[in-house]
Amino acid sequence: MDMDIACPRCKTTKYRNPSLKLMVNVCGHGLCESCVDLLFLKGSGNCPECGVALRRSNFRVQLFEDSNVEKEVDIRRRVLRDFNKKEEDFSSLREYNDYLEEVETIIFNLVNNVDQLETNKKIEKFKKENRELILKNKARAGREEAELEALLEEEAAQEEARRAQIAMEEKEEKRRKIRNKEALIDELMFSTGNAQSIVRTFAESRAQDAAALAQAAPAPVPVKATQFSTGIQIGRGSGHIEFLPVPRADDTPLFHYEAPQRLFDGPSPPSWQEVDQLGYLAHIRGASDEERAGGYNSHIGCLRALEDAMAGLYYRANREGSVF
Amino acid sequence: MFPSSTQLKHWTFSSEPELQKYREESNAKFIAKHGVSVPPEEVPEIFLSPAEERILVHSYESHLREFCKRFTPAMPRAVLGTAFHYFKRFYVYNSVMDYHPKEILVTCVYLASKVEEFNVSISQFVANVKGDREKATDIILNNELLLMQRLQYHLTVHNPYRPVEGLLIDIKTRALLNDPERLRPAIDDFLERSYMTDVCLLFPPSQIALAAVLQSASSNRENLDSYVTGTLLGTPGAERLPGLIDAVRNIRMIVKASEPVNREIFAALNKKLEKCRNQENNPDSAIYKKRMQELLDDDDEREARKYEKIALQQKTSEDQLVGITRVLSPSAS
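Chains A and B, in that order, are what the protein sequence lines are. So in the working numbering, spot 249 of the first sequence is number 249, and the numbers just go up one at a time. So in the working numbering, spot 175 of the second sequence is number 1175, and the numbers just go up one at a time.
These are calculated hints, taken from the structure and not from any lab test. Incorrect hints may appear among the rest.
Unchecked claim - Cβ-to-Cβ under 8 Å is the rule here; a few derived chain A residues that face chain B:
id, residue
1, Phe-40
2, Ile-284
3, Met-310
4, Tyr-314
Quick reminder that beta carbons are idealized off the backbone N, C-alpha and C, glycines included.
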């Protein structure tokens, strides 16, 4: 904690009075606890710095060093209590973003005292127009909180039960040890047999006991699972989360590749290798480096010309008689 | 590959009579539509007959060739071939009287240069057109989509130029012929003349290419018959030989038979066409201008309405966002 925080009125610092507690009100100016007690004896009064009328009940402990931040947090909390629309309340993301921006503008205006009157009017209007929605969202937030609380409670109860069980087991263990020891001493005192063998048989029987205990250790009480490992609750409270049904596998037959059939309707042209071997390439211009860089080579052009020359040579229209 | 192309499936006709039949049908359709009020005995006087249409298309084909040859920058031959294909295909199912060949011709070349990846901008393109450039731009761009639609969007064309290259490579590799390159001038000449005929609507490009090579060889006093029978087809293709010979002979005959159109006939038919053409598709006619104006107005109106709607939407959404109807400045009160 910083040592030179000081009450602006009585100038007490943290150094001189370690128990100094700075309080802050809606106007954002700080005051130490004793000054608050002194000045607001009647329950209301004016801020010594800015003269705004304040109520004592609105004083809170200052959490942030910068009182402006404190003020903004306060205003934000107040504004957001009413501007509590959720993204689901809007038809598009764009509208939601515009809404958020508007809220930020309002908060900024209030914090920096810009257009106070206008802004407050705006808030009133919004409240009036959206009363139902605000109430609904508040209720929803309350419900969510309640759910969360219930969850925490449940966890605490489980923890408690586990701890009680462990304590009981420990107590049992201790009692058994004491009993064993007493039995051993009694045995040694009153028996006539060999002391060593007695000690040995006792040690053995204790080991057996321990083994039996370990075996018979009660399985941990099965805790009823209330949530998935992801933290989503089973059954209740999942609310708007809906799962799409897994699409059913189609019964249509699988795709089978068939090589495309090339209609040629003419003498078959030379193959890729033959173009080279039979010397076709000798009669065309070789591909330049620039052309080859693009993936072209002489084979392509040569084969295309040859294929075009031969494709359709066998074509005969189903002509009746002469063409003329 | 040509054997699996739309060119074979939809645009290679079995015979000239079949082609003739489609052309007559489109001619009859036009007359039936536009000649309702004309007495039947005057029809031949006013409207073009299918034969006259053929002559017109034929003579405009030579215009097309001249246009492509004089085109700057010089265009690859494939563009010319493709343009010819488009032009011929278009007038199989459409009447000359419906769409003037002069307009379709330039549009075909423009579309072909796009399809064959010969990059010219429209302003560069119309620089090659005589007369009003702006009007030409309008005509071409207006007709481009129509042309594509009438071609049923079958835009890939297999020209005989590549098969010729393939055959020459094959001849150089597998046939004994000294200097096959000297065949080229005659081959080019043959292909050029072949485009003045209907062979490209009747035969596959490889057969036309082979016919061109054989024609050129015979005019150069060479004989490639042994190459075709022995090497090109070989034993597996022996039974196909008669069909191929038949096709090649037919191609050569058709090409040989083609002759240029008499200028006087052309001028007379052109005059007749000006009178009977569909005025709705004539950019100089009043009807056409009126229709275009209407379309334009419609567009304007629609745009204005759309804009209004958007503005209103924006206004309401903004009001909702701010949450207050109007923000008064502090000094306003």
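Hints breached by this structure: When the structure is compared with the hints, only number 1 turns out to be violated.
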